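Take a look at the letters that make up each chain.
There are 2 protein chains.
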Amino acid sequence: MDSVAPLPSSPRLIVDLDAVRSNYRLMAERSGKAKTGAAIKADAYGLGLERIAPVLAREGCTSFFCAHLSEAVAARSALDYDAEIFVLSGVSYGEAPLLRQKHLTPVLNTHEQILLWREAGGDDPAALHIDTGINRLGLDWHNFAPAMAEGLNLSLVMSHFACASDPAHALNTKQLERFTTIRNAFPNVRASLANSAGILHGAETHFDLTRPGIALYGGAPLDTGGPSLTPVARIEAPVLQVRHLRKNQNIGYGASFTAPRDMTIATAAIGYADGVPVAASNCWFGRIEGQKTPLLGRVSMDLCVFDVGHLPSPPQPGDMLSLLGQDLEVLASLSDTLSYELLTRLGPRFVREYKGRSA
Amino acid sequence: MDSVAPLPSSPRLIVDLDAVRSNYRLMAERSGKAKTGAAIKADAYGLGLERIAPVLAREGCTSFFCAHLSEAVAARSALDYDAEIFVLSGVSYGEAPLLRQKHLTPVLNTHEQILLWREAGGDDPAALHIDTGINRLGLDWHNFAPAMAEGLNLSLVMSHFACASDPAHALNTKQLERFTTIRNAFPNVRASLANSAGILHGAETHFDLTRPGIALYGGAPLDTGGPSLTPVARIEAPVLQVRHLRKNQNIGYGASFTAPRDMTIATAAIGYADGVPVAASNCWFGRIEGQKTPLLGRVSMDLCVFDVGHLPSPPQPGDMLSLLGQDLEVLASLSDTLSYELLTRLGPRFVREYKGRSA
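Residue numbers (the working numbering), protein chains in the order written: chain A, -5 to 353; chain B, -5 to 353.
Think of the hints as simulated: they come from the structure by calculation, not from any bench.
Values in this document were obtained by computation on a predicted structure and should not be read as measured data.
One or more of the hints may lead you astray.
If chains are identical, the list can't say which one is meant, so a pair holds when it fits in one copy or spans any two.
Unchecked claim - Within a straight-line C-alpha distance of at most 20 Å, the following computed SDA-like cross-link-like pairs (lysine to any residue) qualify:
id	residue 1	residue 2
1	Lys168	Arg240
2	Lys96	Glu78
3	Lys27	Gly350
4	Lys168	Lys241
5	Lys96	Leu1
6	Lys29	Thr56
7	Lys29	Arg255
8	Lys27	Arg184
9	Lys29	Ala114
10	Lys168	Gln243
11	Lys96	Tyr75
12	Lys168	Gly248
Let the sequences and hints guide you as you build the complete structure.
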């Protein structure tokens, strides 16, 4: 672990680089003959692009996907010049010079973006994004004609599944058919369709390049879970106070919890400003030395209260309470959200510690 | 507005410093004879402590409240040496030297923290936090004896309401009574109880110092709203694509929206990584030139889709779609959360622009 001397009262976010490495290897294995890229948008799903991208590169990843140009510029600083970095939002007016200067590949999503890239000189590689049914961003498959891409130096034709987390969803087959038809019009261009979930659907979705994201960061790609991934992110929150609560006393804002009996509670320095959702109120749990400690009352901006009365020995101020880790998916489900959202909303107040081998 | 040249594809967060100023003045007016402090924890509720704290100081605020020591150190850099900066989490083992060096005031919450501060020399000012019924952090009023504070140089005795957003809640009166009894044991020490909501309860909760937070940032302190505050934070998200959707087509992950008719939709560069909750799916709205545009489908990490078919003229790629602003409380309510959470989870990807007069 890197040497850092965090203040004892600050929450920490511990990111396991070896776990990222192991998850990438699993996705690469499942990607079969296809090359395996990596989605590192949103600061590598909130966990630190600067530290994670080089680890993936070291594992053999050569294709990286960012959302915005600003992210791609940061990725270029973290990666060698020959790493291929795609900008999923494409190109906006005035952005072409910076894209070219930094050797970044825009993913062209619209007719306007194709025109912008062509007008900017357009000899540099670009990707073409066909929307085959998510109806979010990309050239509509229904109106698409290969002639639209004339004059572009295409390095990739891609699309994105809407319902890959449910392999039985009828839209998957439709999207695969539509994409296959379109990619066949570009026989000399690489094709990419599968995100983490799509990779698990099997070889016919893999094409030339896969683009895992959530699986790299330890989140389950399928609604039903999927292969066993290694947890990547764990929060450690310092306990500030341990105290007794009398029967019928309330906890927190809105007095949303009432003690059914005398209890022992611990208050930890972690709150919704750090990424524990308000929706986790009265339903999440943390862990102290592996034992579950239920979260009581409403999550505050900087504090959460936990039930610790059942532990063999009560914690002391300064002890650490863990969140996320192996419980990521269960906690996401308890607060009615996605592991994706929990990771990307981890706040700026953490001391971030990276364990495992750096690149 | 500060001169910045954001990339056209990046979302922007626009923070109105004049609005903060105006909201502070309103809270100061409502605080009557009491001095008016400011909660600037969690990076001034996600909006930028470095820019906001000096504006508040210029308005006459001399008492600032941070959650952690790390935040208080940042606040000290932004404020003059004579500004009083409280650290609500108190003091942990090893932190006393930095607190003293930076002239920061720990809020002592536990017997252990009192001992730590005394052992560290303890002549410097400290605040005492009595928990009068929120049962979250602080010395339990039930067991409190003034002798516990012996040998401390107290600059403030404080407590915190659990249910101030509902002025009729019975716990408010109990907390006020308990706090009054305890503060009377410290006749020469300033007392503080009221947050934004508490300020609106009336003069008897004001004591010597009030501590508004959410009201400064434009959020409603009371469940029923409260006085008219000026919106402080507004998101501007660039439109990336405008397209037609055919009847019965779906939008987004999980295909959670199905078009009831042919529609015109706009995809904007904003997602849950930026702070639009997944819970906003199919229920929030944005605005284009003041007109409401309903959010359709599931919020993605980097993208949201909006219905724009009813606008007098459809937007173009590069046009800006607004979120939050005057709609902050309505949007919080639609996604079943608090304006506090929406503000503190605004992500790191924004270009932050400050308008209005700086300090």
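Checked hints:
For the identical chains of this complex, lysine 168 and arginine 240 are inter-copy neighbours only, at 16 Å across copies versus 59 Å inside a copy, given an alpha-carbon limit of 20 Å. In the homo-oligomer, the alpha carbons of lysine 96 and glutamate 78 lie at most 20 Å apart inside one protomer (11 Å), although the nearest pairing across protomers, at 46 Å, exceeds that limit. When the C-alpha separation of lysine 27 and glycine 350 is checked against a cutoff of 20 Å, the pair qualifies neither within a copy, at 28 Å, nor between copies, at 57 Å. Proximity of lysine 168 and lysine 241 under a CA criterion of 20 Å is satisfied inter-copy only: 17 Å between copies versus 58 Å inside one chain copy.
Taking the shortest alpha-carbon separations for lysine 96 and leucine 1, only the inter-copy value of 14 Å comes in at or below 20 Å, while the best intra-copy value is 38 Å. Taking the shortest alpha-carbon separations for lysine 29 and threonine 56, only the intra-copy value of 9 Å comes in at or below 20 Å, while the best inter-copy value is 59 Å. Neither within a single protomer nor between protomers do lysine 29 and arginine 255 lie at most 20 Å apart by alpha-carbon distance, with minima of 58 Å and 40 Å respectively. For the identical chains of this complex, lysine 27 and arginine 184 are intra-copy neighbours only, at 13 Å inside a copy versus 71 Å across copies, given an alpha-carbon limit of 20 Å.
When the C-alpha separation of lysine 29 and alanine 114 is checked against a cutoff of 20 Å, the pair qualifies neither within a copy, at 30 Å, nor between copies, at 59 Å. In this homomeric assembly, lysine 168 and glutamine 243 come within 20 Å of each other (Cα to Cα) only across copies, at 12 Å, whereas the closest approach inside a single copy is 56 Å. In this assembly of identical chains, lysine 96 and tyrosine 75 lie within 20 Å of each other by CA distance solely inside one copy; the values are 8 Å within and 44 Å between copies. Taking the closest pair of Cα atoms, lysine 168 and glycine 248 come within 20 Å of each other only across two copies (14 Å); inside a single copy the shortest separation is 49 Å, beyond that limit.
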